[in-house]
Amino acid sequence: MYVYRLLLFLVFGGYLLSPILMGGWNEPGTAWYRPFLIWGALIALTLWLEQKRKLDER
Amino acid sequence: MSAELVVVLGLGLGYFALLLGCGVAIERGRIPVRVTRHPLVYTLALGIYASAWAVYASIEFASQAGFGYLAYYLGAAGAFLLAPVLLVPIQRITRTYQLSSIADLFAFRFRSRWVGSLVTLLSLLAVLPLLGIQVKTLSEAVFHLTQSRYSDGVALLFCAAIALAAILCGARHRHQHRHDTLLGILALESLIKLAAMLALGGVALWWVFSGPQDLQQWLDGPGAALQAATPRLESAQWRTLLLLFFAAAFMMPHLFQITFAENLSRHTLLQASWTLPLYLLLLALPVPLVWWAAQSIASEIPLPAYAAYLLSSHWGVGSLAFVAGLAAASGTMIMMALSLSGMVLNHGVLVARPPEARSNLYGWLLWLRRALIVAVVASGWLFAEGISRDHTLTDLGLAAFVGIAQCLPGMLALLYWPGANRNGMVAGLIGGALIWLWGLWLPLLLKAPLPALVFIDLMPPGAPDWYTTTLISLSVNIVLLIVVSLFTRTSEGERSAAEACSVDAVIRSKRLPLEAASARDFQAPLAQALGDEAADREVARALKALNLGPEERRPYALRRLRDRIQANLSGLMGPSVARDIVDRYLPYRHDDTPGTDDIHFVESRLEAYRSRLTGLARELDGLRRHHRQTLAYLPVGLCVLGDDDELTLWNQALSELSGISGESVIGAHRDSLPAPWPALLAQALSATGAPLYKQPVNLHGRDHFLTLHKAALSGLDSRGGSVILVEDHTEMKWLEEELVHAARLASIGQLAAGVAHEIGNPITGISSLAQNLRFDTDDPALLETADHIQTLTERVSKIVNSLVGFAHGGRQALAPPAEPVALGQITDDALHLIHLARSGEDVTFDNACPATLMVQGDRQRLTQVMVNLLGNARDACQAPGRVTVEAGEHNGLVWWRVTDNGEGIAPSVKDHLFEPFTTTKAPGEGTGLGLSVAYQIISEHQGRIECASPPSGQSRGTAMTLWLPLYQQDDRPAHGQDTDC
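Chain order of the listed sequences is A and B.
One point on numbering: in our numbering, the residue at position 41 of the first sequence is 86, and numbering is uninterrupted.
One point on numbering: in our numbering, the residue at position 93 of the second sequence is 160, and numbering is uninterrupted.
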């Protein structure tokens, strides 16, 4: 259940900070795939939290 | 008709044929269940979120807002990342109460058919522009590929195929089925859509550009000016878009149904929390690639949504874009048709015209559903033809998403604010929806802007309409919801539904009695509403789901049965109609007694939610479980009854004592328990003060003596009732009887000692006279008689000594002489004495003891033992009887066995065989001391007695075996024998 709080923090934190990130994506010289890398990292983190949740509830 | 049009028709119809083939393969089991029910299939089916917007409007949006197009994907990904805290609670409610649409959920929570109908109407209006996008893109994609003027007709044909596919997938059977076929087909569509989009991305990256580095060089070089010219989304607009797509991801009717109603399990939903974002990532990746590639090719792009068709003049590239759009549009339209038809049926048709008892209720509902599916698809086509042409995909889509977002405040209140009521919900929804209609929907319809909203001055200047309308409508919605809820009354039904829906809340169900006395009594009243066939089926279905039988009478089980029937009917006809039917035809019995909390139900829910508890709640639950286990495993029987005599606890010890499992009686009324428990518990409950001591009851054919203590459960926060402690005092009762018996034995022993003393003197006289007789006659017969008299008097003396010894603590009065004695000889002597008794003439005695086998002991006393054993064996035999005496040696011990072929010894007697005064003979025929004395004598000889009845290998009879130490030449006489004191 504590994992869920971390998820909430992650998603709402991302929601608030996302405009800053998006400003960086549009800057010239930025790698075009950068948003997708960040997104991929977020998915990997969620996968890790999901595994942790399974262990917690076992 | 052009050749290109024929090819497109072939491509489209071939695509639908592929879907049909997939559906048939799943229906017929050609595809294994482990595949069709795999969590990945569910994730792919969720991919219908990516409608034609994902294929076409995303590119259009990317042309207008750059990376702002990602809001569509990231909003949905955010909703699924929050699956454990947001989607799983909704899934719990929808599964428990069989709610298949967002209108069902709101109608259930706010106990209002008006709320259900309002949400249905709002959903219908909101979804129409999205349906319009699907049809419009189908038509325009055909036009881009063929340049044919028949593209609208082809789109209509595809719409007909989609309606047919929806009916075949979701409205084919009369009864509700798991929609494996539907999920499978939607998953296939998502897979095709993803493959086509990735292929388009590949074309853009490696065909138009020469790879990622070439693309980067273009972006930093020639393309930089184009990117710099692309407008940027304001932070607030970006966040608002994220919120809109976040809400749409699980509240759009078709997405609500696929996420919750078609869900396989909690596990699959949790797995989708990362697999769906991954799917959306892959789908979002080609969008900018296609747009940049099109920009690099064409200096002017009039319709950015269809930029994919500019990538190459090769027909295959256009086909890829067409297939991606077709897969996206058809999957979305199939689910929209299914979900909206269900909502309109449950919250429109059935509310306006409730079902009457009809013989074919399921068939009637099925045909209504099919007609509504066709109507929904047709309305989408009409909207596209009449309205969508004049608007961009972005305008249409945003109007839809802002509309459905009006349900978001209600949804959050449903989960997290039990204080919200139907008045607030209706006020907020109407307020928000009116602003949305004025700001976005009516301008679409009228194709012209309406006068500005009153709050427009508060918005930043130049803000787009979708942004201002979203902010104003949601603000008004939220304020009305809160204010009206706070200042209006909330009904009792709403309160209980709010508790059922709230996160971390447990339903405090009331323990009200039902009018129906058994499960069988449910059928007739239900038939008045549903007809015989449907009533039979629904009752049987609910009984099967709960694993109950039709004879079930427990009040707790009947309440669960009622809830299950209501939930099942809710899945069929919506919660409002289901509640009306159940309340009217399966009512609770209303008497004066207030309903108490259904503790057993609350506990079962707590057990189910245990993993979700945290902090103090988890600690408290741990304590609850500890106390529960303490009571459950208490080594004394314990049961708890409510004030209505319903059992709420029946612990393990009581289950073992009574032979009645707790599971079978918890929730039952006291009177429904098997005898003798109803009367016994009633007696305990009515007793005042002192416990009921040692009540005789017969349990499983054995007599028991139970002591019952009762305590009333009262005090602060008490839910009433009584606790009864049941102690089994059977053993104690037996011990008490044994004590009395032992006291009686002691008295008899004292008496025997006195009698023995009095008998001793005359016996001595008889012995002396017999000795004198030997000197007074030479008659051999008289001499033999005198010898016998003397032998018998010696034996009487021994018995008298034994009695005296027994009375003085079980010890022999005199130490037994230790001498070598032959068992064969002793057996002969005993047989001789037995024959003198002149009874048992029909019994044959065999002495098979070896003459040489010897033990060390008292000849007289061992003879007495053998006489006792032979006497018992003789008495046990019926004519013609046979008694055999054998002996032998084994491991330094001698066994000496008397075997008869009599009736044997009853097991109840066998346990007390060697106790004094134990006898099965008629009064006056036996003292019950024979075996007791024999046991004592053999014990004094360091031996033991064993009894086998029947003997091993025989069907009847008894074998008494004496084990004695073998006499050997170097044995010394035993020392240290106790003497009488």
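Everything labelled a hint here was simulated from the structure, so no lab data went into it.
A few of these clues could be false.
[Claimed, not checked] Label pairs and their calculated CB-CB ranges: (1) Leu82/A with Asn427/B: 56 to 64 Å; (2) Thr75/A with Glu686/B: 24 to 32 Å; (3) Lys97/A with Ala515/B: 29 to 37 Å; (4) Lys97/A with Gly88/B: 20 to 28 Å; (5) Val546/B with Lys97/A: 35 to 43 Å; (6) Ala515/B with Leu66/A: 51 to 59 Å; (7) Leu78/B with Leu82/A: 52 to 60 Å; (8) Leu66/A with Val546/B: 26 to 34 Å; (9) Ser386/B with Leu66/A: 30 to 38 Å; (10) Asn427/B with Lys97/A: 47 to 55 Å.
Every residue gets a Cβ at the ideal spot worked out from N, C-alpha and C, and that includes glycine.
How the hints compare with the structure:
1. Leu82/A with Asn427/B: 56 to 64 Å: With a Cβ separation near 59 Å, leucine 82/A and asparagine 427/B satisfy 56 to 64 Å, so the hint holds.
2. Thr75/A with Glu686/B: 24 to 32 Å: At 50 Å between Cβs, range violated.
3. Lys97/A with Ala515/B: 29 to 37 Å: violated, 55 Å
4. Lys97/A with Gly88/B: 20 to 28 Å: violated, 42 Å
5. Val546/B with Lys97/A: 35 to 43 Å: holds, 39 Å
6. Ala515/B with Leu66/A: 51 to 59 Å: This hint is violated: roughly 38 Å between Cβ atoms.
7. Leu78/B with Leu82/A: 52 to 60 Å: violated, 36 Å
8. Leu66/A with Val546/B: 26 to 34 Å: holds, 32 Å
9. Ser386/B with Leu66/A: 30 to 38 Å: holds, 36 Å
10. Asn427/B with Lys97/A: 47 to 55 Å: Holds, at about 52 Å.
The structure is inconsistent with the numbered hints 2, 3, 4, 6 and 7, although it conforms to all the rest.
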